[in-house]
Structures are given as structure tokens and as C-alpha cells.
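*Asks:* According to our numbering, the residues represented by the sequence shown are 11 to 239, in order.
Worth flagging that the hints you see were computed from the coordinates, not collected in a lab.
Any given hint could be a false lead.
[As the list claims (entries may be wrong)] Distance windows between CB atoms, simulated: (1) Lys147 x Arg112: 45 to 55 angstroms; (2) Leu159 x Lys116: 30 to 40 angstroms; (3) Ala55 x Ser176: 20 to 30 angstroms; (4) Val206 x Leu149: 36 to 46 angstroms; (5) Gly180 x Gly69: 46 to 56 angstroms; (6) Glu211 x Ser176: 48 to 58 angstroms; (7) Phe178 x Ala156: 22 to 32 angstroms; (8) Ile124 x Pro191: 21 to 31 angstroms.
[Stated by the list, open to error] Simulated pairs of lysine to aspartate or glutamate, DMTMM-like, Cα-Cα distance not exceeding 20 angstroms: (9) Lys116 x Asp47; (10) Lys147 x Asp204; (11) Lys207 x Asp47; (12) Lys207 x Asp146; (13) Lys208 x Asp20; (14) Lys212 x Asp47; (15) Lys116 x Glu74; (16) Lys174 x Asp78; (17) Lys116 x Asp146; (18) Lys143 x Asp47; (19) Lys207 x Asp148; (20) Lys147 x Asp20; (21) Lys208 x Glu113.
All figures in this text were calculated on a predicted structure; none of them were measured in a lab.
Ideal Cβ placement from N, Cα and C applies to all residues, glycine included.
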Amino acid sequence: MFGTPPKKWDILKSIVYGGLIESITSLNIVTSAAGADATTLNILALALASLIGGLFVIGHNIIELRQDIQQPERTSTTTSTSTGETNNEEQTSRYYQQLGLRENFKRHAAVTVISFLLFGMVAPVTYSFSFLKSDDKDLKIIAVAAASLVCIAMLAIAKAYIQKASSFYGYVKTVLYFVIPGFMASGLSYVVGDLVKKLMEKLGLFDSSSDFTLSLPGTGRIEPRSGFY
11 MFGTPPKKWD ILKSIVYGGL IESITSLNIV TSAAGADATT LNILALALAS
61 LIGGLFVIGH NIIELRQDIQ QPERTSTTTS TSTGETNNEE QTSRYYQQLG
111 LRENFKRHAA VTVISFLLFG MVAPVTYSFS FLKSDDKDLK IIAVAAASLV
161 CIAMLAIAKA YIQKASSFYG YVKTVLYFVI PGFMASGLSY VVGDLVKKLM
211 EKLGLFDSSS DFTLSLPGTG RIEPRSGFY
């Protein structure tokens with residue numbers, strides 16, 4: 011009953027653990043920056059910087075899971091053999107529920123980090139490289155929302171499969187559990203970013219139109235060219 015699960019279960023758990031929450035996080039970062047009218051280059055740089063910083067967080071979380079031992083569950087486990095006791099004890103741990111067996115830690119860590127990076131890059135890369143000619147912000151946001159929706163829904167379905175959802179309703183419930191809050195937070199992030207930008211402009215803080223001119227002796231004024239990203 012408590013035999014070793016197939017490798018695909020461990021890999022699937024690691025993919026979901028690394029990619030699901032990060033897909034929502036990167037979507038919120040992109041939409042909030044877009045709401046604040048940041049340039050495409052700034053949005054890409056901000057999202058990638060956040061992604062790199064998040065590597066330390068996800069790494070810390072994995073190590074913490076590995077070191078976590080739930081004492082109450084261990085002492086309450088009673089089986090007839092020491093092997094059965096170890097298996098039952100392992101499967102009630104947080105590490106097993108999130109990633110699988112501790113003996114596969116290296117594989118779990120590698121797959122989790124790769125999933126974290128790949129899914130975390132979907133939103134910023136989609137925003138940066140979609141509709142390059144028109145550079146229409148609204149169309150870019152729609153493209154980001156669509157791509158993120160696909161990623162979040164896929165990972166949520168995988169999570170429901172891992173949790174052994176017993177019916178189609180179980181899958182739908184899990185998908186909606188992540189999609190609805192994710193897109194609500196994304197919409198709120200966009201609105202807040204826009205409101206903060208307008209407030210800063212009204213207060214005269216961080217004036218983005220502070221162009222300067224440079225004059226040299228014997229020459230006319232040299233005005234900087236406005237950059238477009």
C-alpha cells in the first residue's frame with residue numbers, strides 16, 4: 011500500500027511545486043508594472059530580477075521541507091514492522107506531500123528550480139515579445155493573461171491529479187481555486203499600479219518627463235533623444 015510511487019509522480023509534484031505559485035506571482039508583477047505605465051524593457055528587467063531573487067526563496071523552502079520532521083505524526087504511527095513504520099512516517103511528512111520521497115531530493119530540487127524559472131518567465135517574456143510592431147499595452151496584457159491562464163490551469167489540473175481528485179468536479183474546483191484568486195490579484199495589481207502612477211504624477215514626485223539639455227561652449231543645445239522600448 012505504501013510502496014514507492016512512480017518517478018512521474020515525484021517529477022509532477024516538483025513541477026507543480028515550482029511553477030504554480032510562481033506563475034501567479036510573475037503575472038501580478040507584470041500587470042502591476044504595466045498598470046504603472048513602465049516601459050517594456052523595465053517590466054522585463056523587473057520581472058527577471060524578481061525571478062532571480064525568488065530562486066533563493068524556493069531553494070530555502072525546499073531545504074526547509076527536507077529538514078522538516080513532524081514529531082506528532084511520527085509518534086502516532088503504529089505498524090507491525092519497522093519498514094512499514096518508516097514508509098507510513100515518510101508519507102505523512104510535508105516533504106512527501108509536496109515533492110515525494112526524500113531519497114530523491116536532488117531530482118526534486120533540480121526539477122523544481124527548472125519549473126520555477128520556466129513558468130516564471132512566461133508572463134514577462136510574453137509581454138516583452140508580443141505585438142512588437144504596435145507595442146499596444148492592452149493587447150500585450152491580454153496575451154499575458156491568456157498565456158498565464160493556460161499555465162495556471164495546467165498546473166492546477168496536475169495538482170488535482172496528484173491529490174487524486176475523485177471526480178471531474180474535483181478538477182474544476184482545484185483549477186478555479188487557483189485561477190480566480192490569481193486573476194483577481196492580477197487585476198487589482200494593475201489598478202493599484204495605475205493609481206500609484208497617477209498619485210505620484212499629481213504630487214510631482216519622480217517626474218518622468220524631466221528631460222535635460224546640455225550646452226557646451228560654442229555649440230547649440232544638445233537634447234537627448236527619447237528612447238523607445
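*Asks:* Evaluate each hint against the coordinates.
*Replies:* Against the structure, the hints come out as follows:
no. : hint                                : result
1   : Lys147 x Arg112: 45 to 55 angstroms : holds (46 angstroms)
2   : Leu159 x Lys116: 30 to 40 angstroms : holds (32 angstroms)
3   : Ala55 x Ser176: 20 to 30 angstroms  : violated (45 angstroms)
4   : Val206 x Leu149: 36 to 46 angstroms : violated (23 angstroms)
5   : Gly180 x Gly69: 46 to 56 angstroms  : violated (32 angstroms)
6   : Glu211 x Ser176: 48 to 58 angstroms : holds (53 angstroms)
7   : Phe178 x Ala156: 22 to 32 angstroms : holds (23 angstroms)
8   : Ile124 x Pro191: 21 to 31 angstroms : holds (25 angstroms)
9   : Lys116 x Asp47                      : violated (41 angstroms)
10  : Lys147 x Asp204                     : holds (13 angstroms)
11  : Lys207 x Asp47                      : holds (8 angstroms)
12  : Lys207 x Asp146                     : holds (19 angstroms)
13  : Lys208 x Asp20                      : violated (47 angstroms)
14  : Lys212 x Asp47                      : holds (15 angstroms)
15  : Lys116 x Glu74                      : holds (14 angstroms)
16  : Lys174 x Asp78                      : violated (24 angstroms)
17  : Lys116 x Asp146                     : violated (43 angstroms)
18  : Lys143 x Asp47                      : holds (18 angstroms)
19  : Lys207 x Asp148                     : holds (17 angstroms)
20  : Lys147 x Asp20                      : violated (39 angstroms)
21  : Lys208 x Glu113                     : violated (53 angstroms)
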